[in-house]
Each structure stands twice: as structure tokens, then as C-alpha cells.
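As a plain string of letters, each chain reads:
Number of protein chains: 4
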Amino acid sequence: MGRKQVPSLVKDEKLIQKRREEMVKAAVILFKDKGFHRTTTREIAKAAGFSIGTLYEYIRTKEDVLYLVCDSIYDEVRSRLQSEIVMDQPGINRLKEAIAAYFKVMDEMQDEVLVMYQEAKSLSDEALPYVLRKEIEMTSMFEKLIQRSVDAGNLNLTEKEVNLLAHNIMLQGQMWTFRRWILQKEHTLESYTQFQIQILLNGIAYDQPTNQV
Amino acid sequence: MGRKQVPSLVKDEKLIQKRREEMVKAAVILFKDKGFHRTTTREIAKAAGFSIGTLYEYIRTKEDVLYLVCDSIYDEVRSRLQSEIVMDQPGINRLKEAIAAYFKVMDEMQDEVLVMYQEAKSLSDEALPYVLRKEIEMTSMFEKLIQRSVDAGNLNLTEKEVNLLAHNIMLQGQMWTFRRWILQKEHTLESYTQFQIQILLNGIAYDQPTNQV
Amino acid sequence: MGRKQVPSLVKDEKLIQKRREEMVKAAVILFKDKGFHRTTTREIAKAAGFSIGTLYEYIRTKEDVLYLVCDSIYDEVRSRLQSEIVMDQPGINRLKEAIAAYFKVMDEMQDEVLVMYQEAKSLSDEALPYVLRKEIEMTSMFEKLIQRSVDAGNLNLTEKEVNLLAHNIMLQGQMWTFRRWILQKEHTLESYTQFQIQILLNGIAYDQPTNQV
Amino acid sequence: MGRKQVPSLVKDEKLIQKRREEMVKAAVILFKDKGFHRTTTREIAKAAGFSIGTLYEYIRTKEDVLYLVCDSIYDEVRSRLQSEIVMDQPGINRLKEAIAAYFKVMDEMQDEVLVMYQEAKSLSDEALPYVLRKEIEMTSMFEKLIQRSVDAGNLNLTEKEVNLLAHNIMLQGQMWTFRRWILQKEHTLESYTQFQIQILLNGIAYDQPTNQV
DNA sequence: AATGAATGAGAATTCATTCAT
DNA sequence: CATGAATGAATTCTCATTCAT
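Residue numbers (the UniProt record's numbering), protein chains in the order written: chain A, 1 to 213; chain B, 1 to 213; chain C, 1 to 213; chain D, 1 to 213.
One or more of the hints may lead you astray.
The list makes no distinction among identical chains, and a pair is therefore deemed to hold if it is satisfied within one copy or across any two copies.
In silico lysine to aspartate or glutamate, EDC-like type, Cα no more than 20 Å apart, as pairs [as the list claims (entries may be wrong)]: (1) LYS104 / GLU57; (2) LYS96 / GLU161; (3) LYS160 / GLU43; (4) LYS46 / GLU135; (5) LYS4 / GLU137; (6) LYS11 / GLU43; (7) LYS185 / GLU135; (8) LYS104 / GLU186; (9) LYS4 / ASP71; (10) LYS46 / GLU57.
Calculated directly from the structure, the hints in this document are not laboratory data.
Keep in mind that this is a model prediction, so the values were computed, not measured.
Please model the entire structure based on the sequences and the hints provided.
Here it is as C-alpha cells:
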């Protein structure tokens, strides 16, 4: 639901999925290395293991590859996240765990995350909204988690503050990859996670006086 | 100090500076609109008001333009910041004022900031370090401010935490432009600033119980 | 007699004929719309109702389709013409009737005629003579009709003049389709036919003074 | 007046004209030989004596070349015609001379005429009207000549007949090139001209009884 | 210093044809 | 016989860069 249709000349749906996976996998590596614009369609085809003609049996334009890449990365992030997060129980600790899980996924998928956020801007006006929607969906996942703690009386936040907090979480996860060149020199994922959670939550939680997480 | 030399065929330094300013001004607008790769050197020259031949009298490659753009934006950010921040006196309030001033500058220079962070990755391995260094310098400006509060006993943070906090500040400023499509729909710069400062500081300041900024 | 052999991988002659008819029918529509070069073999196959693989079971190259199209149109023109023309009796009126019948067929088969004369030039040096021969055959049909009137003493023309007159008739029929964009705005088929016959014949017939047809 | 603007990146109008002439000259030869679609832009550039890059400094698309070719041929035809036709005096003989002059120009410019009428259909919907208008203009030149003889009482024709007669003349001129493969085997330009004029006029002129021209 | 015409390597995309299933 | 996925040569067009004037 809500996914942009990328037309293919090939009919076999299974095959389409398989080939596109190969294509996306190859493209991520290339995009990470050289960026979307400096990567040629021929390189993508070659790296994916098929001919340029075959590539174009599964997409319409080079930009389609970028869209598929972004789409696929979001799906992967979400799927990994869902397997790590238990959303059944409320509470600050659930939220903390979710944040940590999210940071972990960002850490594991650094290359993909980097590619997605660096190159998404090259999507056409038509494709971009689909990708932005996914970002909003992920953000609202955190909003819901935070809201639960608010509802449970563990946090005292207005709606706008909940929203902003969710954005902060999202961006701090991305920051770990964007600023890897400096952050990952000086911090481990664990220390980074610990401190960010502390900053995010301790200022706003009721049970403050003690500074521990 | 630490600026990459961009060679020019023209001798007159005054003229070089003038032409490059025109060129950068034109390029920022174009890059914001179409991105670095989709902007042609012809377009830059035309928008800057001179011929393609003249453009190449003042740069060596298209990438030089990007470097000059990034360089110039950093200088502008810093210069605006410095005129707003009083660094002579320590204290949490000074820090808060600095953060607010930084957010304000980011807000005023949204287009430029967007261009710089979106396109800097297209810089060559040779030019990139010069730009990253500027980012580090700006970050350490905040580090110093924070450190003063630590030294003055207003904050209790390890060196790594100071570093991370500075990064958080930097990124939150950028986030205001990156996520403008969603943030600026729901928040004003003032409310955004207020809340981010609250999150950043209240969790770590000694004088917590009261939730004011 | 005198038809170019287009090889097929399929043995069943009935089937070959059936498939080729489907293919030609589809191709005429496409060629009329987009021209031979802008029409793809895939489109032809699809419009004909079978797969690209099947198309190539019945032809060797795309040009074969064009040849089959031209060939088929000529056959259709001739067949329609023969059912309308009575060649048994001589006389000027027979000739006039034949011309009118020919113009009528051209009018009915406008699309096909247009395609044939516009695209025949794309035939290879090998195939072209077969098509030209058909044109010559049709021309000489008119030559024979005219010659009969000459032999019967109704017209006074040299052999070369008979030939040229036949060409004029042929071209005036085609002109009705070629220049449809202007002619068919200002004339009906009937008025066009009337006047052309008048021009063609009254100048050369013995019984001139009266200007009637 | 009424000419489609073909944009060029080059500013020097003189140069544009010169290069386009070279380009058209080269293209006519190639188009005659292989047709528009089978001729590549690289071939055109090479034959014109400049690089592919330079070619595209003077046109926007390949189709522009075709338009320039058609446009230039029409201009050439008209200019040659005007230098041969005296339009000051009326009379049947003036008309006959004009027809002969037109046939002569068609004969001299066979290659160009062939190219124009075979390939004009490949023009876009946007460019085609400009070319058709030229055809109409030429046709109405003959209309005017015929009308004069009508006005002078030498011919007795309705307006529609005048129009159709003009079309006949136009097409007979073109026919000399279209059907060159057969006509020019059996006729000289002179005999062709003589006979066509006789057919066209003798049937409609008042002074008929004697069949000579 | 300024200009802008010339260059050609390079990039995306198409499409006739083949061939394994 | 029928299918349609695979192929890659070929084509149009772009654009950073140069250099003669």
C-alpha cells in the first residue's frame, strides 16, 4: 500500500523481485562509493550480473533504480526494527530499548542509510513523496511509543513535543552514520546510545534527580 | 589558515575575489534548485553574469565551484555567528544564547546550508578534508562553550559527553533545514529552539527540578 | 508469380497465411500512425495478438513485415479493382469508369495506400523491385485500357503518350490520399473524379467542343 | 514570416547560417541515400565537416536537421522558380512557361525534392504545418497564374477547378522525380513537359480544335 | 582579461533478434 | 509451435573543458 509502481517489461513477478534485489544490492554498493550521479547504468547492470538490456527490462529509468534502492532500504530498516522491538508493553524502558534497537539497525546498515539520505534528493518530484512518507511512518512509530509513555504518565509532553522528540531520535540515529567520520572515532555505539538516551529522556522524565539511565 | 588553494589564471586578487563571489552566489541558487550534478558550468557562468570562458579563468574545474561554495557558506555562517555570540562570559545562559543564535543563522541561511550538506559529498578526496575541518572547527566552538560551563561547575560532563553534546547541537541546527518539509510545518523557529534547548540541557544540568529554560 | 519468398520456421502453410494476415493488419495500423521506423516489432506482435517470439516464427526480419504489408495492399487494391472494372468492352466510357473505380478504391484504402507509398522506400534493394513491379503491373492495366480506346479510334495517342497518361491516372489516384489534408477539405471524391477525368480526357479525345464528361 | 525558430547555442548569426548550410547540404545527400531514420547524427556531423558536439551547437534535435533541410529546399525551389518566371504578363503562354520552368526546377533538384517529400512525414506535429504552408504557398502561386488566364477570358474554370489544376501541376512536377525510375527511362524532360501541358490545358482552353501546344 | 565556438568522451536508453524452456 | 527473458550494438544528446581571437 502506497508504493510507487515501477513498471517492468517482464511479466514473471517472482523474477522481477529477484532481479530487482540483485540490482538494488549492486546499486547500493556503487552509490555508496561514487554517488548516484557518478554511477552509470552499465555499471549497475554489470555489478548486478546482467546486461544493460536486461537492466532496462526491469526498470524504466535510472531514477527507478534509486527509488527501488530507497524503498528497499526502508523496508529492510523497518523489518529489522520490528524484529527487535516489542511494542506490546508501554513504559520508558520500552522506549529506551526501541531507541537502542533503532541505533543498532542504523549502525548495521550504515552504507544503506548513508546512500538513502544522501541521494534521495535526486528522486523526481513524483517519487520523492513516496520516500518521505516512509520517513514519516518511521517517525510516527516513535511518536506512538513516546505517546504511550505520556499516556501512562511517565512523561509530560505536549503533542508537538512528542513529535519533535521523535524527530530527534530519528536524526540521532542517522547522525551516527552521517558523522561516522568523526563520531565513530571517539565513541562506541554503546556509549553513543547511552548518552543520547540520557540527553533525550532525563531532561523530560519525571524521575529526574538521579542522573542514571 | 588551512584553506585549499584554488588556482586562477587571473592575477588581480581583487578581481578574483569579486568574480568568485558572483560565481558562488549564482551557484548556490542553482545548486539548491537542481543540485550540483544537474547544474552545468554554462548555467553558472550565465547566472553569474559572465561567459563560460571567463568562468574558467577563475577556476580549474567545476568541482572548484562547489568547493568555493562550501567554503564561502562556512565563512558566512561563522561570521554571522560571531557577530551574535558573546563568548566572553561563561554560563549556561551564554550557551543557550549561542545555541539560539546558531539556530537562527541556520534558519536564515537555509538554502545555503541545504546545498552545503547535500552536495559536499561530491567534493573530491582532496577537497573534502578542508570542508570537514571547518565543520570540526564549528563543532569545537560549541565544545569550548560547553566546556566553560563544565569548568564553571554548571554542568557535569566528561570530555566525550561534551563532544557529543556539541555534535547534537550542530545536527539539530541542520535538522531544522533538512527536515524543513515536516518540521517547519508544525513548529516555529522559536518553539523549536525552546524545546531543543530544554531537551539538550535540562537533562544534564544540575539545577533540574524546575523545568524552565 | 514474381512474389518474393519470405521464409518461415513454421511448416503449416494455412497457419502461416493466417498469422501473416493478422500481422499485416496490425502493422498497417501502426505504420500509418507512427511510420515503419518508429514502430517496434514488439508492438506489431502485441497488436497482432501474439508474442514477439511467435512473430519471428513467421518472418526473418522486421523488413519482412513491411514487404508483406506492401504486397498485401497491392493485392487488395488489385482485387477490389478487378471486381469493379469490366474490361471486356472497349470505349472511352469504360476507361472513365475504370478511373472512377480506381479513385474509389484509393479513397476506401487511404490508410493502406498512404502507408505503402510512404514506407516502401524503406524496403531493401532486394525487396523493392518486387513492389515496383506491382506498380508497373497496375499502370499497365490502365495502359491496356487506354490502348483499346486508341485501337478503337476513340483516342489519338502515341505509345509514349499512352504510358504517360496511365502514370497520370495512377498518380492522381494516389494524390487523393497524399494531399488529403488539403484536397479533401475542398473537394468531394465525386467532384475530384469528375474534374480529373475531364482534364485527362477532354484535351485528348476527338469529341472535344462539348465540355461534358 | 512564418518560419519555425530553430534555436542555436551559438550567437553569431552569420556563422549559424553558414554552419546550417553545410549541415543541410551534407544531410540531403545522406537522407537521399539512406533516409532520415537510417542516417545518424554523427554521420551528418562528419559529412558536414564538424564534430557531433558542434552539430548540436546549431540544432536542438535530429529532427531540427530535417526541418532545416525541408525549409531550405523549399526556399531553393522558390528562388529558382522566381528567377525563371515572369509574372508580369498574363496569358496562357505565361502559364505554360511557368509550368515548364517548374518542371525544370524539379528536374534539377531531383534529389532534394525526393528527400523532402519522402521524409517530411517524419517531422513532428509542431514542425509539419510550417512545411505544409510552403507547399500551399507554392500551389497558390500557380493558382494565381491560372486565375489570371481565367480573368483574361482565356480559360473557363470555377474556383475549385483552378485549385485542383494547380494541385495537378504541383504533383506532375513531383511525379517526374518520384517515378523517375520508370518515367525517365521512357521520356525526356522536354517530351514529358510538352505532353503534360497538353493534357492539362488543351482540354480546358477555349481555343481547342487544333490539338497543338 | 574576456569571449564563445569547438570538441569528443561519455551517458542513458532503445530495440531487433535469439534461444532456452 | 509458442513464449518471453536476455542480449548488446547502436543511437541521440550532453557538457566539462580548451583555445584561438
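Each hint, compared with the structure:
In this homomeric assembly, LYS104 and GLU57 never come within 20 Å of each other (Cα to Cα): the closest approach is 36 Å inside a single copy and 46 Å across copies. For a Cα distance limit of 20 Å, the shortest separation of LYS96 from GLU161 qualifies both inside one copy, at 17 Å, and across copies, at 19 Å. In the homo-oligomer, the alpha carbons of LYS160 and GLU43 never lie at most 20 Å apart, since the shortest distance is 45 Å inside one protomer and 42 Å across protomers. For a Cα distance limit of 20 Å, the shortest separation of LYS46 from GLU135 qualifies neither inside one copy, at 31 Å, nor across copies, at 37 Å.
Taking the shortest alpha-carbon separations for LYS4 and GLU137, only the intra-copy value of 16 Å comes in at or below 20 Å, while the best inter-copy value is 42 Å. For a Cα distance limit of 20 Å, the shortest separation of LYS11 from GLU43 across copies, 16 Å, qualifies, whereas the shortest one inside one copy, 25 Å, does not. Only between protomers do LYS185 and GLU135 lie at most 20 Å apart by alpha-carbon distance; the minimum there is 15 Å, versus 28 Å within a single protomer. Taking the shortest alpha-carbon separations for LYS104 and GLU186, only the intra-copy value of 17 Å comes in at or below 20 Å, while the best inter-copy value is 29 Å.
In this assembly of identical chains, the alpha carbons of LYS4 and ASP71 lie at most 20 Å apart only when taken from the same copy (9 Å versus 38 Å across copies). In the homo-oligomer, the alpha carbons of LYS46 and GLU57 lie at most 20 Å apart both inside one protomer (14 Å) and across protomers (16 Å), since each shortest distance falls under that limit.
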